[in-house]
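Peer 1: With the sequences and hints as input, model every part of the structure.
There are 2 protein chains.
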Amino acid sequence: MTITLTAEPLTAKRFAAFGSVIDTRSTDPFPINNGLTERYHRLAVATAEPAPASSADEGQAETIISIFLGQPYSLPAELWMLERHPLGSQAFMPLEQRPWLVVVAPAGEPPAATALRAFIARGDQGVNYAAGVWHHPLIALQAASQFLVVDRDGPGNNCDEAPLEETIVVTTTELP
Amino acid sequence: MTITLTAEPLTAKRFAAFGSVIDTRSTDPFPINNGLTERYHRLAVATAEPAPASSADEGQAETIISIFLGQPYSLPAELWMLERHPLGSQAFMPLEQRPWLVVVAPAGEPPAATALRAFIARGDQGVNYAAGVWHHPLIALQAASQFLVVDRDGPGNNCDEAPLEETIVVTTTELP
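Listed in order, the protein sequences are those of chains A and B. The first sequence: position 29 = 29 (the UniProt record's numbering), numbered continuously. The second sequence: position 102 = 102 (the UniProt record's numbering), numbered continuously.
Since the hints were derived computationally from the structure, they do not count as laboratory data. A portion of the hints provided could be inaccurate.
As the list claims (entries may be wrong) - With the C-beta cut set under 10 Å, the calculated list includes, among others, these residues of chain A facing chain B:
hint, residue
1, Thr2
2, Ile22
3, Glu38
4, His41
5, Thr47
6, Ile64
7, Gln71
8, Glu78
9, Trp80
10, Met93
11, Pro94
12, Gly126
13, Pro137
14, Gln146
Said to hold, decoys possible - Chain A stretches covered by chain B per the calculated footprint, using a threshold of three residues with CB under 8 Å from any CB of chain B:
hint, segment
15, 25-35
16, 95-103
17, 147-158
Unchecked claim - If you want the ones that stay clear, here's a sample from chain B, every Cβ over 10 Å from chain A, calculated:
hint, residue
18, Pro9
19, Arg14
20, Ala46
21, Pro52
Yeah, the Cβ is synthetic: ideal placement off N, Cα and C, and Gly gets one too.
Peer 2: Here is the structure:
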């Protein structure tokens with residue numbers, strides 16, 4: 001059986017169970033720098049938990065900044081797995097203003113296919129997956145695209161993978 | 001007396017004393033997500049120190065993600081102050097691919113005008129100011145532009161300002 005997910009437009013309200021949306025529509029700004037800059041403050045919080053005490057690894061948990069260069073998917077696209085980061089949040093922000101796809105499922109046991117949600121993000125919208133939230137790896141669209149990524153680095157296992165048991169295809173009715 | 005700073009092209013090596021450059025030229029990537037994504041890993045580390053024990057404020061230091069919308073400067077531009085964040089790093093990443101200006105001075109006592117350095121950043125280059133490094137507020141160019149900002153939120157004073165005693169003008173010979 002093939003399950004088709006049709007992506008909904010990404011909004012902070014729809015995404016609230018999974019994390020934060022990073023865009024200028026999610027809050028009102030305040031002026032800084034003598035009024036020359038508007039600050040849209042605290043759109044997301046980066047979390048980085050220490051490793052469990054049982055971890056044999058050494059070192060401290062840190063919040064790091066990386067760039068991902070993602071090859072584009074063609075839609076409809078077949079999904080291939082979900083992953084989660086139990087010890088920290090992970091934020092993605094597009095740097096080339098192209099729309100992209102976000103596929104998530106609630107934190108907890110590896111999700112049933114029916115628990116998946118798909119969102120189409122505008123090119124000026126990022127997300128911050130809360131720790132433990134299942135999500136598909138980066139789905140860029142249209143062209144190879146850079147994303148700024150803010151996530152946890154440090155000791156302990158911070159990546160679980162869950163293969164998808166059924167054939168799941170994601171598509172969208174239109175691009176923003 | 002007017003001191004004119006001519007911005008140099010931003011490179012990781014030139015900026016090393018002040019923090020990190022966030023771009024895909026600063027490191028070699030490695031493949032993730034079955035080869036569909038290249039990860040330029042750990043281009044910067046976000047730091048967020050606790051407040052000094054004397055602080056009357058409550059709460060924990062956090063690393064947060066915000067968006068700044070900066071009005072453009074015209075060049076040559078007169079600088080008006082420097083600031084520093086003693087308790088945490090602050091990263092700026094352009095979201096609209098326009099060049100921008102970075103003006104810094106070493107951490108420590110409020111700097112002499114002759115200690116200032118100016119860099120012209122490409123639209124695909126961000127920086128992470130190390131804690132304590134003096135820097136001018138955001139200098140967008142060409143048009144009002146969004147930047148992703150990763151910095152510290154929490155108790156204690158995390159912003160010192162230093163007015164500039166002399167007239168300092170920044171310019172660039174060409175835009176990237």
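Peer 1: Does each hint fit the structure? Answer for all of them.
Peer 2: Going through the hints against the structure:
The restraint placing Thr2/A at the interface with chain B is violated, with a minimum CB-CB distance near 21 Å, outside the 10 Å limit. Contact between Ile22/A and chain B, as hinted, is supported at the beta carbon level, the nearest pair being about 6 Å apart and thus within 10 Å. Hint status for Glu38/A relative to chain B: holds, with the closest Cβ pair at about 4 Å, below 10 Å. Below 10 Å, beta-carbon pairs count as interface contacts, and His41/A has one with chain B at about 5 Å; its hint therefore holds.
Taking 10 Å as the C-beta contact cut-off toward chain B, the hint placing Thr47/A at the interface holds, the least distance being around 8 Å. Of the supplied interface hints, the one on Ile64/A holds, with its beta-carbon coming within about 5 Å of a beta-carbon of chain B, less than 10 Å. Of the supplied interface hints, the one on Gln71/A holds, with its beta-carbon coming within about 5 Å of a beta-carbon of chain B, less than 10 Å. Given the 10 Å rule on beta carbons, the hint for Glu78/A is violated: about 12 Å separates it from the nearest Cβ of chain B.
The interface hint given for Trp80/A holds, since its Cβ lies 7 Å from the closest Cβ of chain B, which is under the 10 Å cut-off. Hint status for Met93/A relative to chain B: holds, with the closest Cβ pair at about 5 Å, below 10 Å. Against a cut-off of 10 Å between C-beta atoms, the interface hint on Pro94/A holds, since the closest Cβ of chain B lies about 8 Å away. At a threshold of 10 Å, the smallest CB-CB gap from Gly126/A to chain B is about 7 Å, leaving the interface hint in force.
Contact between Pro137/A and chain B, as hinted, is supported at the beta carbon level, the nearest pair being about 4 Å apart and thus within 10 Å. Nearest Cβ of chain B to the Cβ of Gln146/A: about 7 Å, under the 10 Å cut. The hint holds. Chain B is given as covering the segment 25-35 of chain A, and this holds because 4 residues of the stretch bring a CB closer than 8 Å to a CB of that chain, at least three being needed. Counting residues of the segment 95-103 of chain A whose CB falls under 8 Å from any CB of chain B gives 3; the rule of at least 3 is met.
Residues of the segment 147-158 of chain A with a Cβ under 8 Å from some Cβ of chain B number 4, which satisfies the need for three, so the listed coverage holds. Pro9/B, annotated as away from the interface, keeps every beta carbon of chain A farther than 10 Å; the closest lies near 19 Å. Against the 10 Å criterion, Arg14/B stays outside the reach of chain A, whose nearest CB is about 19 Å from its own CB. Not every CB of chain A lies more than 10 Å from the CB of Ala46/B, the least distance being 4 Å, so the non-interface label is violated.
Against chain A, the non-interface label of Pro52/B holds: every CB pair exceeds 10 Å, the least being about 20 Å.
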